[in-house]
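These protein sequence lines are chains A and F, in that order.
Taking the working numbering, the leading residue of the first sequence gets 1, the next gets one more, and so forth.
Taking the working numbering, the leading residue of the second sequence gets 1001, the next gets one more, and so forth.
Source of the hints: derived by calculation from the structure; they are not laboratory data.
Note that the structure is a prediction, hence the values are computed from the model and not measured.
Misleading hints may appear alongside valid ones.
Unchecked claim - Here chain F is said to cover these stretches of chain A; the calculated rule only asks that three of the stretch's residues, wherever they fall, bring their Cβ under 8 Å from a Cβ of chain F:
(1) 36–50
(2) 396–409
To be verified - As a list, the in silico DSSO-like pairs of lysine-lysine whose alpha-carbon atoms are at most 27 Å apart:
(3) F:1091 x A:438
(4) A:429 x F:1003
(5) F:1113 x A:429
(6) A:529 x A:482
(7) A:57 x A:134
(8) F:1071 x F:1035
(9) A:3 x A:105
(10) A:541 x A:621
(11) A:539 x A:495
(12) A:48 x A:108
(13) F:1114 x A:451
(14) F:1035 x A:482
(15) A:338 x A:438
(16) F:1113 x A:451
(17) F:1091 x A:398
(18) A:474 x F:1071
(19) A:3 x A:28
(20) A:398 x F:1092
(21) A:429 x F:1018
Unchecked claim - Short derived list, chain F residues pointing at chain A, Cβ under 10 Å:
(22) 1013
(23) 1016
(24) 1029
(25) 1030
(26) 1072
(27) 1079
(28) 1084
(29) 1111
Cβ atoms here follow ideal geometry from the backbone N, Cα and C, with glycine treated the same way.
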Amino acid sequence: MKKEVIISTVYNTVFDKSTNGILAADLKTKKFVFANPEICRITGYSLKELLKLSVDKIHSKKDLPYVLEQFKKQIQGKIILAKDIPVLRKDKKIVYYDVNSKPIKIGKQKVIVEFFRNITERKEAEDILKESEKKFRTFVDTASDLMSITDKEGNFTDVNKAMVDTLSYSRKELFGMRISQTLSKKSMEKDFKPNWKKLIRDGKIHVEITFLTKNGKEVPSELKAVAIYDDGRFAGARVIINNITERKEAEESLKESEEKYRTLVENLPQKIFFKDRNSVYISCNKNYADDLKVKPEEILGREDYDFYPKKLAKEYMEDDKRIMEAGKIEELDERYIKDGKNLWVHTVKVPVRGNRSSMVGILGIFWDITEKKKVEETLKKSLEDLQEANEKLKEIDKTKTNFLNVISHELKTPLTAVIAHLDVLDDLKTNLTPNEIKSLEVIKRNTNNLKMLIENILEISRMDAKKFEINLTKASLEELIKRVVADLMVLAKKKELKIIIDIGKLPKISMDEERTREILSNLITNAIKFTKKGSITIKAKKQGRFVLVSVIDTGIGISKGNIKKLFHIFYQVDSSIGRIYGGTGLGLSITKQLVEAHGGKIWVKSTLGKGSTFSFTLLIKQTK
Amino acid sequence: MKKILYIEDNEDTADAVKAILAHAGFETHISLSGKDGIKKAKDGFDLILIDIMLPDMSGWDVFTKLNKKIKAKFAFLSAIPVSGERMDELKKAGISDYITKPFEKDDLINRIKKL
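Pulled out of the complex, with its shape left as it was, chain A reads as follows (with noise of 0.2 Å):
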């Protein structure tokens, strides 16, 4: 084959088979001159149709303009390339390509040949990324995040909304600052500087700046950037804000209010600690720590082991499981040791259950309580030894009763021999002498007062032993009196005194019938002994729950200065009363004892030489 042939036809196997489309058209009259198959796929037309079509036909009206221009430019040879260059195919749609042209002279005829490079899917996919940038704007724009970017100086060169709205500058002033200048001086040195340093060399950072505003208003935010490189240089940076003022302020206040608690939970007296399941310490309270002699934090991760003898740890930590198996609080008295003194303390112990109500450990708190259990060990002790003592003292009365018990018989046996021999006397009395029957007078007399202060003596002595025993019955008060009286009238009769008994409609009441003879024997014969003349008036009358018996004479009185001291024991309100009017000055003592023992109250009133009114009252209904 001849070599021009060869070239023939590889030149025309490159036109037919070339991807870009090759038009030639004539420079002047703008008619195509030259077609290959794929400008002809390109525009839609046949080679035949093409040929006799002109530059102005595969353009729009709109566009030919600025191909043309483009062209002329390329002739010129101020671009090489014509870029985007619409060609309006046959069937009137449009697709765009960058165009290659080139005039040549073939012959004569001047010739411009361009070269079609179909750009239409590069085009698809920028206007793809157009649109997605539209839409990656809106959503920069309208985020509440804080979003620019900026050059390696710091200087903004894009900025979103929100950021434009939190920093109160406008779009336009951003722009021509740098991000330092938002900062407030402070953030700027501290925060700010050292980090951009380190997004230079590491490429991002993460940190806590406060931005302000140009309202002068600071906004703590949290600022992430990464840096732009272009060229493997440092070339600015995207960067990323939070807006953190709401979560500061809730930092702030949960800080505070954590820092109360804590303040409150370090200065309370008590000893506080709180730990895992597995009984190893989590924390405890400054008080706690001080006994342990450790700083809080290093309590962490001890037990009670590392503190207290094995045994005691043992106790403590057994109490612990039992309390968390059981999910109960106990409050438990128990032993501590403090710098090696054996102490008491009172715990109480909390499970603490977790999200899932799982066990996760166990808060105690306690105090010592050493006084107060060595208080309760001294009241306990006391009570012992009370107990010891009342046993003894009970002891010494069942002794002191036997010894009462004999002397009663001892000195009471000669006694009675004597005044039972005197009534045989008596019985024999005529025939006695007068001056013999004196003499027996006086010996009865002597023996009778011999007699009544024995059983004074006795009676005082056994009421020490044992408060009385009183054996209740119901009886009748008035009989009673009247019975005492009628025993007695043969003294008053013997001194010309007149009794008389003035009693109102009384109840029966429930007293100690032989006591209460004793009581009206006594005062009777109290009011008789001390009256000269005149009479003796028994009054007795219900008064609410008691009945009042008054013993009224006409006698010597009693000055206000010896009525005090009337009921004490062995007392005369003068000593020559004895010898003038006898008695052992027992009788008042124990009438007021036996008073009080039915639970009613004595007393006296008197006129020094009128008379003296003694007065009792007895409970109606004795409640046991």
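Chain F: place on chain A using the hints.
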């Protein structure tokens, strides 16, 4: 006429009581010990008067040994006072009276008459 046995270790008292009761019209026999009293009591008496503190045994022992074996009433004559509560128990047991020494002559006679 009542026949009385008085068991009393103090001879002086016993003699006087015997004289007083005789004057009041009672026939009184004396025993100076518990043992003797128990022995004599079987002779048949209306009333056995017993002193509680006897040298060989207590008056209570004498009473329990004689009670329900002889047809007589029992009374104690003692220097030791008795509580009301105890008296109730004694009455239930069969003691008709408890006279405290030293006694009043008239009181003694009256109470014996009542028995």
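Violations among the numbered hints, reported as their numbers in ascending order: When the structure is compared with the hints, numbers 1, 3, 7, 14, 15, 18, 19, 24, 25, 26, 29 turn out to be violated.
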